[in-house]
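Q: Model the placement of chain D on the given structure of chain X, informed by the hints.
The lines below spell out each chain.
There are 2 protein chains.
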Amino acid sequence: MAETRQWQLASRPVGEPTAENFELVTVDRPEPDDGEVLVKTLYQSVDPYMRGRMRDAESYAEPWDVGDPMRAGVVGEVLESEADGFEEGDVVTGDLLWAEHAVGDADELRKVNPELGPVSTALGVLGMPGVTAYWGLLDVGDPKPGDTVFVSAAAGAVGSVVGQLARLNGARVVGTAGSDEKIEWLTEELGFDAAINYKETDDLSGAVAEACPNGIDVYFDNVGGPITDAVWPRLNEFSRVAICGQIALYNETEVPTGPRKLATLIEKRAKVEGLLVSDYQDRWGEALKRLARFIQEDEIRYRENVVEGFENAPDAFLGLFEGENIGKQLVKVAEFDG
Amino acid sequence: MAETRQWQLASRPVGEPTAENFELVTVDRPEPDDGEVLVKTLYQSVDPYMRGRMRDAESYAEPWDVGDPMRAGVVGEVLESEADGFEEGDVVTGDLLWAEHAVGDADELRKVNPELGPVSTALGVLGMPGVTAYWGLLDVGDPKPGDTVFVSAAAGAVGSVVGQLARLNGARVVGTAGSDEKIEWLTEELGFDAAINYKETDDLSGAVAEACPNGIDVYFDNVGGPITDAVWPRLNEFSRVAICGQIALYNETEVPTGPRKLATLIEKRAKVEGLLVSDYQDRWGEALKRLARFIQEDEIRYRENVVEGFENAPDAFLGLFEGENIGKQLVKVAEFDG
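In order, the protein sequences belong to chains X and D. Each residue of the first sequence is one higher than the one before, counting from 1 in this note's numbering. Each residue of the second sequence is one higher than the one before, counting from 1 in this note's numbering.
So that you can see chain X by itself, here it is in the shape it has in the complex:
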């Protein structure tokens, strides 16, 4: 019987995850039942939200069990189909396993059109991060021309799209990132008006104030923690805060503490709202169509940080917490020769 490899959760991390939390296991290659397809993984996504699933705690993402394979966004090629509408050779994307091959329910897979761009983008700018940026900014953040939009983790898969959409929407765009290379990409290539290297800044509050002379109307928060502490005091009256992620806090072993800032919201009548892309399932295609056009017109640019080889998937994931990636962090598992 054919075999395949998958990464399983070997143990739950305490604080920062390490390589020991993952185990590479060889298993029988599964076969599709009625309504299912067998997918050969081309690219696998690693995302900050996965840290939550490694924890044994109720969250919006169900925890993974120790000893079970982990799940991930995957782009792959259909090897066998037992489902109407899918054929061998189709490129599909969906939530599958950290595995070289996996079986998926046809209802939970989307076909990828390879003519829209490299198939890997179905995990990035033309996938979950892109849609998150699109509806998170436009529906929750609701920027108006002339607004100042501030985005943290601005060089990440979500943040880089948020910033460019905000620019297209007529906003002044300011972001934070953790290296000079990222800062240069944001300001030279993506059209950010200003960008702050938070790792090189002693006075984050002062840097935010200087970069946002008219205050902040929309804050798209991917990070939380000290960057949020520096941003909130600069919020304008009737500003909006979209909370998309809090990666600065995900590896804390104790409940993290910080200054209590809710009184700011009274003074500013600001609105803070949490955001999950799964609430936009019905408007997924609308966002993708628009993003694809912006990419074609070179109005939105993207980068991918591709780690080669399935055996390096845990390293790619761990790199997220070091802020190593520019743009979307991916693992290339097999060559696409379509």
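No wet-lab data here; the hints were simulated from the structure. Hints should not be assumed to be uniformly reliable.
Heads up, the list lumps identical chains together, so a pair's fine if it works in one copy or across two of them.
Stated by the list, open to error - Restricting the straight-line Cα-Cα distance to at most 30 Å, the calculated cross-link-like pairs of lysine-lysine (DSBU-like) are:
(1) LYS111 x LYS40
(2) LYS144 x LYS271
(3) LYS289 x LYS40
(4) LYS199 x LYS289
(5) LYS271 x LYS261
(6) LYS289 x LYS111
(7) LYS261 x LYS199
(8) LYS289 x LYS332
(9) LYS332 x LYS40
(10) LYS144 x LYS289
(11) LYS261 x LYS289
(12) LYS111 x LYS332
(13) LYS144 x LYS261
(14) LYS271 x LYS332
A: Chain D in isolation, oriented as in the chain X frame:
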């Protein structure tokens, strides 16, 4: 020339305000210019937000200067009018001084109809606190029948109206207060489904969970701090948090710290919004008309905690931070014989 007395800010408090921060001063009674009226104070309001004005920091309420008279919501009788539409003997309300007599701009005063209820209610249930409760709950909190509405400082001027409006709106209503007498008033008289004496509870989180078996859909937050820490984890998906006050934090000398809870908002796609009643100037009358009818029909009840004598105004204010008042805290300055 006639004289009058006023309370001036003698010094800025550090931490909890004390009697030394206030000075009772006798001054010439002012005379109204064109467009102004001279008002004899009947009742003066003391409110938590005044703590912010004693501080030398920018806020939504401008800071008072040391050596200047302080300002307050007042109900009074017109002694002299130089303004069209106001006559001697009219009862008016507005933002005037901590003073026995003060001059006010006619544009900034509202006439009080003594037939709607005792004139003191123009500072409470039929005044700023009532309107805050009305629009804060209905516009920001937006409760639906069957929702659980949680209100902190539930026995206060704002909270007691919030809870009763939520009950009328078909919600399950739960609140916190700081004495058994208050708890009894809330559950026996005002129709709260449950109330928690936070001063007598070792396990606030557990008490909130027990009182809200279906979670919390609307949290009307007057207090902040540890009560908010206990409430947020119980927020339901798509719940709303109206931040009206953070009295638990107003006397802190350092920036108060607490657990970072913003990730909760992602999981729950909850919305948190700050609230200032001044944004509802145009809808003030609408709220008052409705509240007056509910009071007439005994659907909404209120209490006032009246401190007698102008010389006791600072004590009445300081009592707010001890949680002494049930309902609206007032200072009675002169008898109304209208």
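Q: Between the shortest in-copy and the shortest cross-copy C-alpha distance, which are at most 30 Å for LYS111 and LYS40: within, between, both, or neither?
A: within (14 Å within a copy, 77 Å between copies)
Q: Classify it for me, LYS261 with LYS289: is the Cα-Cα distance of at most 30 Å met within a copy, between copies, both or neither?
A: Neither, since 39 Å and 35 Å both go past 30 Å.
Q: Within, between, both or neither: how does the pair LYS111, LYS332 come out at a Cα-Cα threshold of 30 Å?
A: Only inside one copy: LYS111 and LYS332 sit 19 Å apart there, 74 Å across copies, limit 30 Å.
Q: If the cutoff is 30 Å on CA atoms, where do LYS332 and LYS40 land: within, between, both or neither? Let me know, please.
A: within (12 Å within a copy, 80 Å between copies)
Q: Is it within, between, both, or neither for LYS271 and LYS261, if the alpha carbons may be no more than 30 Å apart?
A: both (13 Å within a copy, 15 Å between copies)
Q: Cα distance capped at 30 Å. Does LYS199 pair with LYS289 within a copy, between copies, both, or neither?
A: Neither way: LYS199 and LYS289 sit 36 Å apart in one copy and 56 Å across, limit 30 Å.
Q: Regarding LYS289 and LYS40, is the shortest C-alpha distance of 30 Å or less found within a copy, between copies, in both, or in neither?
A: within (26 Å within a copy, 67 Å between copies)
Q: Could you figure out if LYS144 and LYS271 sit no more than 30 Å apart (CA to CA) within one copy, between two copies, both or neither?
A: Intra 15 Å, inter 20 Å, cutoff 30 Å: intra and inter.
Q: Taking 30 Å as the upper bound on the Cα-Cα distance, should LYS261 and LYS199 be classified as within, between, both, or neither?
A: both (23 Å within a copy, 24 Å between copies)
Q: Is it within, between, both, or neither for LYS289 and LYS332, if the alpha carbons may be no more than 30 Å apart?
A: within (25 Å within a copy, 66 Å between copies)
Q: With identical chains treated as interchangeable, where does the CA-CA distance between LYS271 and LYS332 reach 30 Å or less: within a copy, between copies, both, or neither?
A: Classified as neither: same-chain Cα gap 40 Å, cross-chain 38 Å, threshold 30 Å.
Q: Classify it for me, LYS144 with LYS261: is the Cα-Cα distance of at most 30 Å met within a copy, between copies, both or neither?
A: The answer is both: 25 Å in one copy and 28 Å across copies each meet 30 Å.
Consistency note: the structure conflicts with the earlier hints numbered 4, 11, 14.
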